[in-house]
Amino acid sequence: MTKKTTKKAVAKKTPQKTVALTAWDKVKIARDAKRPHVKDFIAGVCSDFEELHGDRIVNDDKAMVAGFGTIEGINCLILGHNKGATIEENMESNFGMVTPDGYRKAMRLAKLAERFGNPIVTFVDTPGAYPGREAEERGQAEAIAKSLEFFSGLKTPIVVVVTGEGGSGGALAIAVGDRILMMENAVYSVISPEGCAGILWRDGARAPEAAEALKITAPELLKLGAIDEIIPEPKAGAHKNPEAAIKAVKKAVVKALVVTVAFSLVSAIIGLIPNAISLVDGLFSIFGGH
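In numbering that gives the first Met the number 0, the protein residues as written are 0 to 289.
In case anyone wonders, no lab produced these hints; they're calculated from the structure. C-beta atoms are modelled at their ideal positions from N, C-alpha and C, and glycine is treated no differently. There could be a bad hint or two in this list.
Stated by the list, open to error - Label-pair distances were calculated between CB atoms; the ranges are:
#1 Gly-224 / Leu-20: 18 to 26 Å
#2 Leu-51 / Lys-214: 35 to 43 Å
#3 Ala-84 / Lys-214: 27 to 35 Å
#4 Gly-53 / Thr-85: 22 to 30 Å
#5 Ala-212 / Arg-107: 33 to 41 Å
What the hints assert, rightly or not - Cross-link-like lysine-lysine pairs, in silico, BS3-like; alpha carbons within 27 Å at most:
#6 Lys-254 / Lys-154
#7 Lys-234 / Lys-27
#8 Lys-239 / Lys-27
#9 Lys-222 / Lys-254
#10 Lys-33 / Lys-239
#11 Lys-222 / Lys-246
#12 Lys-110 / Lys-61
#13 Lys-249 / Lys-61
#14 Lys-27 / Lys-214
#15 Lys-38 / Lys-110
#16 Lys-145 / Lys-110
#17 Lys-38 / Lys-254
#18 Lys-61 / Lys-246
#19 Lys-250 / Lys-154
#20 Lys-25 / Lys-38
#21 Lys-239 / Lys-38
#22 Lys-254 / Lys-110
#23 Lys-246 / Lys-234
#24 Lys-38 / Lys-234
#25 Lys-38 / Lys-27
#26 Lys-249 / Lys-38
#27 Lys-246 / Lys-38
#28 Lys-222 / Lys-250
#29 Lys-234 / Lys-254
#30 Lys-25 / Lys-214
#31 Lys-222 / Lys-25
#32 Lys-214 / Lys-234
#33 Lys-145 / Lys-38
#34 Lys-250 / Lys-239
#35 Lys-214 / Lys-33
#36 Lys-145 / Lys-61
#37 Lys-239 / Lys-254
#38 Lys-38 / Lys-61
Based on the provided sequences and hints, a complete structural model is requested.
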């Protein structure tokens, strides 16, 4: 064996050190255009899906995908930010930035899901709500606030999956849930690192520093109790192996659905106990005294 081949053999046997990703590294991975998008997750997680459209007031926002589907035999409402996979889709969906019409569509269908007892699964991936003039004229801030209030009061289980960027109120508007899951390289924050750096230091170049300070990564948010579970990604990220990433998401979503649906049923049964006791007391008072 030559000296050169010996070195190669030793290099193969020597375990490679894993370089820890910084918060800014994860921001760049979360924004990678090759990561699975909401329609990829729907295709891989649901056995069937019927998309529904429109807010019944103004428009159908392409940035918000909504419809009913089946996940391992469980009928669910699926909601998600749609960034689009091509330039044309990016433009049509405002890169996943939702307008008030999209939030109204989500609430309209969520009310329908509650009526039929269907759990809700949301896929969060947006840089933020759409900041354009038309959105502001139609009450963007009010729509987000209304959505937060609405989803907080729903009486059906909600599972949230942060798959890429969880940006500001635009993400939070459909991220109120019973179980919050987050992919390993996703980020979730009240403001983008660039925006934070611009406000604090008047210097967008300090975005990496802001990303560290904001605690936007999945491990940090799990420590803070802001999320419930981290979904592991394939080596080098979901954009390198979308199929494996989607399988991991499906496994986590199914587990979360089983837990939340079971808890909802138990809570409903417990809630009936006082009424049952009152009924028994009433019957006893009528018939027990004779």
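Hint check results:
| no. | hint | in the structure |
| --- | --- | --- |
| 1 | Gly-224 / Leu-20: 18 to 26 Å | holds (22 Å) |
| 2 | Leu-51 / Lys-214: 35 to 43 Å | holds (36 Å) |
| 3 | Ala-84 / Lys-214: 27 to 35 Å | holds (30 Å) |
| 4 | Gly-53 / Thr-85: 22 to 30 Å | holds (23 Å) |
| 5 | Ala-212 / Arg-107: 33 to 41 Å | holds (38 Å) |
| 6 | Lys-254 / Lys-154 | holds (20 Å) |
| 7 | Lys-234 / Lys-27 | holds (16 Å) |
| 8 | Lys-239 / Lys-27 | holds (14 Å) |
| 9 | Lys-222 / Lys-254 | holds (21 Å) |
| 10 | Lys-33 / Lys-239 | holds (8 Å) |
| 11 | Lys-222 / Lys-246 | holds (25 Å) |
| 12 | Lys-110 / Lys-61 | holds (20 Å) |
| 13 | Lys-249 / Lys-61 | holds (24 Å) |
| 14 | Lys-27 / Lys-214 | holds (15 Å) |
| 15 | Lys-38 / Lys-110 | holds (22 Å) |
| 16 | Lys-145 / Lys-110 | holds (13 Å) |
| 17 | Lys-38 / Lys-254 | holds (21 Å) |
| 18 | Lys-61 / Lys-246 | holds (25 Å) |
| 19 | Lys-250 / Lys-154 | holds (24 Å) |
| 20 | Lys-25 / Lys-38 | holds (22 Å) |
| 21 | Lys-239 / Lys-38 | holds (17 Å) |
| 22 | Lys-254 / Lys-110 | holds (24 Å) |
| 23 | Lys-246 / Lys-234 | holds (14 Å) |
| 24 | Lys-38 / Lys-234 | holds (22 Å) |
| 25 | Lys-38 / Lys-27 | holds (21 Å) |
| 26 | Lys-249 / Lys-38 | holds (13 Å) |
| 27 | Lys-246 / Lys-38 | holds (14 Å) |
| 28 | Lys-222 / Lys-250 | holds (22 Å) |
| 29 | Lys-234 / Lys-254 | holds (23 Å) |
| 30 | Lys-25 / Lys-214 | holds (11 Å) |
| 31 | Lys-222 / Lys-25 | holds (17 Å) |
| 32 | Lys-214 / Lys-234 | holds (22 Å) |
| 33 | Lys-145 / Lys-38 | holds (26 Å) |
| 34 | Lys-250 / Lys-239 | holds (19 Å) |
| 35 | Lys-214 / Lys-33 | holds (24 Å) |
| 36 | Lys-145 / Lys-61 | holds (20 Å) |
| 37 | Lys-239 / Lys-254 | holds (25 Å) |
| 38 | Lys-38 / Lys-61 | holds (12 Å) |
Of the hints listed earlier, there is not a single one the structure fails to meet.
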